[in-house]
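Asks: Sequence:
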Amino acid sequence: MKTSPKHQQAPAPLTLAEKEAAYEAFLKSKVPPTNECGFQIQLEDVHPSLKPHQRDVVRWAVRLGRAAIFEAFGLGKTLQQLEILRLILKCNEASRKQDELFPFNRGLIVAPLGVRQEFIRDCELSHGYWLDSVMYAQNAEAKVNQPTLFDLLEAEQEAVCE
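In my numbering, the protein residues as written are 49 to 210.
FYI, nobody ran anything at the bench for these hints, they're computed from the structure.
Watch out, some of these pointers could steer you wrong.
Label pairs and their calculated CB-CB ranges [to be verified]:
1. Lys76 / Pro100: 25 to 31 Å
2. Ala58 / Ile89: 50 to 56 Å
3. Leu112 / Gly162: 24 to 30 Å
4. Leu123 / Ala58: 30 to 36 Å
5. Leu75 / Pro96: 34 to 40 Å
6. Cys139 / Pro61: 18 to 24 Å
7. Ala115 / Ala69: 28 to 34 Å
8. Gln165 / Leu62: 52 to 58 Å
9. Phe121 / Ala58: 50 to 56 Å
10. Glu141 / Ala115: 17 to 23 Å
Here a beta-carbon is modelled for each residue, glycine too, at the ideal position from N, C-alpha and C.
All chains should be modelled from the sequences, with the hints used to inform the complete structure.
Replies: Dropping the structure here:
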């Protein structure tokens with residue numbers, strides 16, 4: 049006598065450990081592969097004013113080369129961004145050739161105007177180096193005032209009006 053497909057024995061239920069392993073494998077399959085294009089830095093390269101969690105985030109972001117930091121208010125995103133930029137510029141300067149087309153070692157932070165003062169304050173207080181901005185476009189290293197974007201736009205507007 050043949051058994052019909054309806055009467056086949058059901059598979060045994062999964063144990064909790066098997067369910068957890070299957071879920072872990074599912075989650076790992078959803079993680080996109082990373083192509084690290086940043087720089088390897090040592091823990092002692094990170095500014096000592098940062099807290100341990102900030103230092104870990106900075107090292108991770110510099111190693112990846114491109115990363116987003118989604119942290120709650122008050123965890124020090126501004127300081128971390130400044131330190132990430134400082135370390136990337138430092139590593140870039142060390143690997144750069146003297147005869148490159150772009151002789152300046154600069155970075156760009158784009159932020160709302162309301163946040164600008166926080167960046168400038170945190171940079172001066174904790175890192176001791178000058179932060180240029182659209183409104184404060186003084187190059188502290190060369191001690192030369194450079195035109196800001198607003199200056200260039202104003203000059204272009206005056207030329208059009210004449």
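Asks: Hint by hint, note whether the structure agrees.
Replies: Against the structure, the hints come out as follows:
no. : hint                        : verdict
1   : Lys76 / Pro100: 25 to 31 Å  : 27 Å, holds
2   : Ala58 / Ile89: 50 to 56 Å   : 55 Å, holds
3   : Leu112 / Gly162: 24 to 30 Å : 28 Å, holds
4   : Leu123 / Ala58: 30 to 36 Å  : 50 Å, violated
5   : Leu75 / Pro96: 34 to 40 Å   : 36 Å, holds
6   : Cys139 / Pro61: 18 to 24 Å  : 53 Å, violated
7   : Ala115 / Ala69: 28 to 34 Å  : 29 Å, holds
8   : Gln165 / Leu62: 52 to 58 Å  : 56 Å, holds
9   : Phe121 / Ala58: 50 to 56 Å  : 51 Å, holds
10  : Glu141 / Ala115: 17 to 23 Å : 21 Å, holds
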